[in-house]
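Using the sequences and the accompanying hints, generate a full structural model.
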Amino acid sequence: MTTATHGAAQVDLSDLTPFIEGREHELFREIRENDPLHWNAEPNGGPGYWSLTRYADLITAIEDPTTFVNGLGTQIPSRRVEGHTPTVHNMDPPRHTAMRKVATPHLRAVKIKEWQDLIETSVSTILDDIAGRGEVELVSSASALLPIQVLGQVLGVPAEDCPLLANWTDRVISDDPEFMRGPDEKERAREELFDYFRGLTEARRAEPRNDIVSKLVAARIEDEPLSWEELAAYYFVLVGAGNETTRNLLTGSVLAFAEHPGEWERLRADRSLLRPAIEELLRFITPIRAMRRTATKDVEWHGRTVRQGDKLVLWFQAANRDPEVFADPDTLRVDRTPNQHLGFGWGIHTCLGSHLARAEVSTFLRQMLERDLRIVPVAEPDRLHTNQFHAFKRLRVRVEQA
Amino acid sequence: MRVTVDRDVCVSHGQCEYNDPDHFQINDDGDLELDENPPDASRDSVLRAVSACPVRALSAES
Ligand code: HEM
Ligand code: HEM
Ligand code: SF4
Numbered sequence: 001m002t003t004a005t006h007g008a009a010q011v012d013l014s015d016l017t018p019f020i021e022g023r024e025h026e027l028f029r030e031i032r033e034n035d036p037l038h039w040n041a042e043p044n045g046g047p048g049y050w051s052l053t054r055y056a057d058l059i060t061a062i063e064d065p066t067t068f069v070n071g072l073g074t075q076i077p078s079r080r081v082e083g084h085t086p087t088v089h090n091m092d093p094p095r096h097t098a099m100r101k102v103a104t105p106h107l108r109a110v111k112i113k114e115w116q117d118l119i120e121t122s123v124s125t126i127l128d129d130i131a132g133r134g135e136v137e138l139v140s141s142a143s144a145l146l147p148i149q150v151l152g153q154v155l156g157v158p159a160e161d162c163p164l165l166a167n168w169t170d171r172v173i174s175d176d177p178e179f180m181r182g183p184d185e186k187e188r189a190r191e192e193l194f195d196y197f198r199g200l201t202e203a204r205r206a207e208p209r210n211d212i213v214s215k216l217v218a219a220r221i222e223d224e225p226l227s228w229e230e231l232a233a234y235y236f237v238l239v240g241a242g243n244e245t246t247r248n249l250l251t252g253s254v255l256a257f258a259e260h261p262g263e264w265e266r267l268r269a270d271r272s273l274l275r276p277a278i279e280e281l282l283r284f285i286t287p288i289r290a291m292r293r294t295a296t297k298d299v300e301w302h303g304r305t306v307r308q309g310d311k312l313v314l315w316f317q318a319a320n321r322d323p324e325v326f327a328d329p330d331t332l333r334v335d336r337t338p339n340q341h342l343g344f345g346w347g348i349h350t351c352l353g354s355h356l357a358r359a360e361v362s363t364f365l366r367q368m369l370e371r372d373l374r375i376v377p378v379a380e381p382d383r384l385h386t387n388q389f390h391a392f393k394r395l396r397v398r399v400e401q402a
Numbered sequence: 403m404r405v406t407v408d409r410d411v412c413v414s415h416g417q418c419e420y421n422d423p424d425h426f427q428i429n430d431d432g433d434l435e436l437d438e439n440p441p442d443a444s445r446d447s448v449l450r451a452v453s454a455c456p457v458r459a460l461s462a463e464s
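So the protein sequences, as listed, match chains X and F.
For the first sequence, the residue numbers in the working numbering are 1 to 402.
For the second sequence, the residue numbers in the working numbering are 403 to 464.
FYI, nobody ran anything at the bench for these hints, they're computed from the structure.
Here the structure is a predicted model, which means the values were calculated and not measured.
There may be inaccurate statements among the hints.
Ranges between beta-carbon positions, derived for each pair [unchecked claim]:
| # | chain 1 | residue 1 | chain 2 | residue 2 | range |
| --- | --- | --- | --- | --- | --- |
| 1 | X | 203 | F | 403 | 45 to 51 Å |
| 2 | X | 209 | F | 442 | 41 to 47 Å |
| 3 | F | 445 | X | 114 | 28 to 34 Å |
Partial list, computed: chain F residues near chain X (C-beta under 7 Å) [said to hold, decoys possible]:
| # | residue |
| --- | --- |
| 4 | 411 |
| 5 | 414 |
| 6 | 415 |
| 7 | 420 |
| 8 | 430 |
| 9 | 456 |
| 10 | 457 |
If you want the ones that stay clear, here's a sample from chain X, every Cβ over 10 Å from chain F, calculated [claimed, not checked]:
| # | residue |
| --- | --- |
| 11 | 100 |
| 12 | 110 |
| 13 | 217 |
| 14 | 225 |
| 15 | 303 |
| 16 | 305 |
| 17 | 327 |
| 18 | 348 |
Ideal Cβ placement from N, Cα and C applies to all residues, glycine included.
Take a look at the structure:
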């Protein structure tokens with residue numbers, strides 16, 4: 001039995017304070033070095049959970065999706081919000097494989113080129129606006145707008161309804177008291193979102209267009225169409241996963257370049273670095289810090305036993321700074337290659353929207369370079385109160401013409 | 403060089419396509435189409451594509 005050093009065993013990853021203050025990497029370093037299979041008690045009487053923080057260990061767990069399943073929940077707390085129908089994310093093979101295949105052709109790298117004009121227009125409108133205003137709050141005036149505008153239209157939501165989408169997702173996915181007007185707030189937001197999509201589904205069933213709602217409505221798995229519940233769950237996961245993550249990569253990028261100004265200069269000098277830079281930002285920021293799995297049998301690991309039914313948390317953010325894999329991991333290097341980061345996860349649940357997210361963020365940065373704009377934080381960011389997502393509520397910035 | 407895909411493993415992530423769209427493409431049915439005999443000149447991008455596959459469905463030999 002390996003015993004963790006005293007300090008490492010005491011690390012509590014359910015305490016949100018270090019995450020809110022941006023000190024999480026000290027904790028990750030401590031347990032990655034000294035307590036690779038870390039037990040964490042849970043507040044509010046939860047059963048507790050194991051944490052993995054080493055890159056190689058995450059790969060091992062992820063590549064064994066029959067032992068460590070998604071179907072029993074992917075949030076650290078033991079609960080579900082999406083109703084009783086599993087989403088593609090809370091599902092295991094073989095159904096998972098078939099469900100993914102329904103959407104992948106429409107979100108593939110080459111297909112995204114069809115959305116490129118839309119992304120370009122969205123970015124240039126946003127940059128025109130913030131460049132004209134000088135000092136702005138970045139999340140509400142840029143980071144949150146781009147993903148919702150793009151995702152809305154990829155799904156088939158008319159542009160004028162996109163602000164509604166943003167409001168529902170804020171309320172459904174956030175535990176932050178700021179968005180919680182009452183105990184049933186999440187439920188209400190979810191109902192509103194589903195009602196809206198019920199209408200859109202019927203419209204596209206009657207008259208299909210080139211959007212994801214039309215494709216999902218027309219899809220057949222073993223000759224059966226998806227039920228309304230399955231469609232609703234699919235929309236829900238696309239909206240949640242597509243929105244919150246990309247906006248945080250944008251805000252996080254501004255902060256990362258503020259911390260490493262020389263790297264922005266390198267990009268200015270050589271735009272071919274944009275491609276590796278996006279991967280590096282995904283590694284460095286890791287918008288999804290962690291996802292959970294559940295063990296389906298007892299597993300001996302690092303001298304301990306993970307019992308059947310135990311929760312196991314994959315800390316992508318810690319693995320992305322593992323010095324065994326990434327030299328000088330706390331430094332942003334826009335030309336880092338190879339860079340097989342876990343920012344989009346790994347294995348069968350790898351991000352379904354990775355190509356769309358890359359296109360959005362690289363268009364944003366490229367247009368900034370073309371205009372020679374600089375976005376400089378003027379205050380500390382206000383972080384969302386969660387340990388599972390690296391998310392920013394607000395960041396005041398000054399937009400400067402270089 | 404020769405590249406093969408294990409069809410039972412490939413789940414159409416298209417991370418290979420992202421790294422080397424000339425030799426890997428997901429078609430409209432969601433299936434991967436690949437050039438099984440890419441030219442040696444493309445070796446770097448082909449190998450990048452192979453190692454980016456998150457489910458290790460691809461293998462390459464020279
Ligand atoms: C920064 C991004 C994200 C944030 C802040 C976020 C936040 C949340 C929160 C707080 C919940 C739980 C609400 C509750 O239980 O009361 C939730 C649920 C959920 N989220 Fe997200 N989410 C994000 C991204 C994603 C992504 C990328 C996925 C899918 C890949 C996803 C899939 C889900 C699912 C499936 C649930 C239902 C929980 C369950 O039944 O286990 N979310 N999200
Ligand atoms: C920078 C932006 C994004 C990041 C960092 C990100 C990250 C991730 C990660 C880490 C996972 C794996 C979760 C796990 O292993 O449990 C995931 C899954 C997923 N993402 Fe993303 N994501 C982003 C953008 C998007 C977008 C734009 C979409 C939608 C268009 C999307 C849709 C999904 C879906 C549906 C899944 C679940 C896939 C499955 O379980 O099979 N994501 N994402
Ligand atoms: S990256 Fe792997 S899973 Fe994805 S399409 Fe290519 S071979 Fe298939």
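To see whether the hints hold, each was checked on the structure:
For the pair residue 203/X and residue 403/F, the beta carbons lie near 49 Å from each other, so the given range of 45 to 51 Å is met. Distance hint check for residue 209/X and residue 442/F: the Cβ-Cβ separation is about 44 Å, which falls inside the suggested range of 41 to 47 Å. Taken as a hint, the range 28 to 34 Å holds for the pair residue 445/F and residue 114/X, whose Cβ atoms sit roughly 30 Å apart. The beta carbon of residue 411/F comes no nearer than 9 Å to any beta carbon in chain X, farther than 7 Å, and the hint placing it at the interface is violated.
Interface restraint check: residue 414/F against chain X, minimum CB-CB distance 4 Å, threshold 7 Å, status holds. Using the Cβ-Cβ criterion of 7 Å, the hint placing residue 415/F at the interface with chain X is satisfied: the shortest such distance is roughly 5 Å. With a least beta-carbon distance of about 4 Å to chain X, the hint placing residue 420/F at the interface is held under the 7 Å criterion. Because the closest C-beta pair between residue 430/F and chain X is about 5 Å apart, less than 7 Å, the hint holds.
Look at residue 456/F: its Cβ gets to within about 4 Å of chain X, closer than 7 Å, so that hint holds up. With a least beta-carbon distance of about 6 Å to chain X, the hint placing residue 457/F at the interface is held under the 7 Å criterion. Not every CB of chain F lies more than 10 Å from the CB of residue 100/X, the least distance being 6 Å, so the non-interface label is violated. With a least beta-carbon separation of about 6 Å from chain F, residue 110/X fails to lie farther than 10 Å from that chain, contradicting its non-interface assignment.
Non-interface call for residue 217/X relative to chain F: holds, since the shortest CB-CB distance, roughly 16 Å, exceeds 10 Å. Distance check for residue 225/X against chain F: the nearest CB is about 17 Å away, which clears 10 Å, and the non-interface claim stands. Against the 10 Å criterion, residue 303/X stays outside the reach of chain F, whose nearest CB is about 28 Å from its own CB. Taking the minimum C-beta to C-beta distance to chain F, about 28 Å, the non-interface status of residue 305/X holds against the 10 Å cut.
With a least beta-carbon separation of about 18 Å from chain F, residue 327/X lies farther than 10 Å from that chain, consistent with its non-interface assignment. Here residue 348/X does not stay apart from chain F, with its beta-carbon only about 6 Å from theirs, under the 10 Å limit.
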